[in-house]
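Position chain B against the provided structure of chain A, taking the given hints into account.
Number of protein chains: 2
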Amino acid sequence: MKKVINEVDHVVDESLDGLAAAFAPWVRRIEGTHVLARAVAKPSGRVGLVSGGGSGHEPAHGGYVGEGMLDAAVAGEVFTSPTPDQILEGIRAADHGAGVLCVVKNYTGDVMNFDIAAELAKEEGIEVRQVVVNDDVAVEDSLYTSGRRGIAGTVFVHKIAGAAAERGDDLATVAAVAERVIANVRSMGLALAPCTVPARGEPTFTLGEDEIEVGIGIHGEPGVRREPLRRADDLTDELLDRVTSDLGLESGASIAVMVNSMGATPLLELGIVARRVYQVAAERGWHIRTAWVGEYMTSLEMAGYSITVLRLDDELAALLEAPASTAAVRVAR
Amino acid sequence: MKKVINEVDHVVDESLDGLAAAFAPWVRRIEGTHVLARAVAKPSGRVGLVSGGGSGHEPAHGGYVGEGMLDAAVAGEVFTSPTPDQILEGIRAADHGAGVLCVVKNYTGDVMNFDIAAELAKEEGIEVRQVVVNDDVAVEDSLYTSGRRGIAGTVFVHKIAGAAAERGDDLATVAAVAERVIANVRSMGLALAPCTVPARGEPTFTLGEDEIEVGIGIHGEPGVRREPLRRADDLTDELLDRVTSDLGLESGASIAVMVNSMGATPLLELGIVARRVYQVAAERGWHIRTAWVGEYMTSLEMAGYSITVLRLDDELAALLEAPASTAAVRVAR
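Top to bottom, those sequences are chains A and B. At position 233 of the first sequence (counting the first as 1) the number is 233 in UniProt numbering, and the numbers step up by one without a gap. At position 306 of the second sequence (counting the first as 1) the number is 306 in UniProt numbering, and the numbers step up by one without a gap.
Please note that a few of the clues may not be correct.
Where chains are identical, the list cannot tell them apart; a pair therefore holds if satisfied intra-copy or between any two copies.
What the hints assert, rightly or not - Subject to a maximum C-alpha distance of 16 Å in a straight line, what follows is the list of computed EDC-like cross-link-like pairs (lysine to aspartate or glutamate):
1. K2 to E209
2. K122 to D85
3. K2 to E202
4. K2 to E227
Worth flagging that the hints you see were computed from the coordinates, not collected in a lab. Since this is a predicted model, take the numbers as computed values, not measurements.
Pulled out of the complex, with its shape left as it was, chain A reads as follows:
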């Protein structure tokens, strides 16, 4: 295993320290925890937003803490759900008297631990609601999930629900906006190379020189199908077709797109994917209002990419384009 680390057991703790220092304009680490909270808390009376999950998905989730997005992000060990007590710390940090919405990706451990934390927070008098993102169309159930997995589409939930919270919507409204994003967002990914979890020390799977895994998740798991590498446009067509068919995307629809690197696939290649997405959208009559191309929800140093499509209505579009200031996403006023 070749990684820039010190001890395997300290990877997450040390990385959080370094990122908290570098991201100091946006976040602070709550001492003794794995929680990154906003450097400057939002005004009281506004709904708080918490997300989190295993580490290894950077810039998720600490990179999305700041004005217009999350109030706190809770990091588990690599590809491991954060514990309820850590999540509770995040909820406390995000509570400004108007309740807290937890944005959870659909993995059994995450859902369970966020549930427990929410119960504990309620005992402290904090109103908590939870939404579960399940945007991955590749599988109906997986090793880690009952139902579809939550992957890169989660970042659009952070952005849009975050903007709703920032403008002063109440908890029920912010939750409803988040659910509307979840109902309209779909993703699917593929891998050209696996990743190596530090504590395990070897790749999560092996692939031949010309093989890829289609339908991968974000925890190094293999996809639903192994097949030969094809031209970029063929791969992109398939992912886009699966995602938009599932969404029932109609001609004339307004959409946001994310072309997300799983880690090692460079922006040069993502550009080739983005080009094809714009071509197909033009053919099908989809209007791309916003395209995010880069690293948003990674799987350590896995090579590959995912495509996310979000169907927009006017309000979702306005919230997606509302100001935000975080380490990883910034939208100007």
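Using the frame of chain A, we list chain B on its own:
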């Protein structure tokens, strides 16, 4: 070779199309060229800023086109200097009547082609000046360079000279500011794994399971020394020591730091590097005003990282923190 591409010969052209579409709020591609220019040109009477070089360093250089940074970026083929006619197109696009500054990294081909383009532009009546960035302390000469190579520190030149141009400084002043950055910036990098140039089809070098290359450039070339992988803190200490010794960095200095992934090294690991940089800075009495941690000047999917340190004075700090709006760097007003 496993890459998300169609034909090897179309990689750069197709990627530029896709990135131009996705980055449309900031850039437009000048038709028939490899030039990305600002979507909205700056007011006439302001100095224009052009940079560029081979592709494969994304988000350099198109990601830095926009308000407060570059006016145009010129892309060559992968790891290949752009041709003089392409650079000339960039200079024309950046010219708003007050002259154009070209920010060139010190590679023989780049310097020569930018020189030729400058001569051609002068014949058209455009005033052009050139600064050459040579921040890499690893080597004095290399396969591609006479003198030190230009690497990640170049992005600080874009940001600071771009801010000077934006506020209305004249060409001589913008050039002088750029030279002050160059005089005060140093970088050095290392690789854990090589990259593969599409047209070549195989890795630029091979490394044993426990080996790294120290002192690499940004074109897949091996470093100056091959050695066993060590702890992240040891590696970071060495890079930081080389960089700051060369700079003669004094206790009490104010600095900007960049921890730059060469491509495949994830943010999780960069966080561990950043932590150590902050520790050493605290021990040595250096005040880190700004830390950029992420992918700024990559070498395709190479695994590894570089550290850049820029000594700041009050003016350089203010220009670094001035507003900017590009695909890859955004600083709020």
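For each hint, the structure was consulted:
1. K2 to E209: So K2 and E209 pass the 16 Å test across copies only (7 Å; inside, 20 Å).
2. K122 to D85: Intra 13 Å, inter 66 Å, cutoff 16 Å: intra-copy only.
3. K2 to E202: within (10 Å within a copy, 20 Å between copies)
4. K2 to E227: between (27 Å within a copy, 13 Å between copies)
When each numbered hint is compared with the structure, no violation occurs for any of them.
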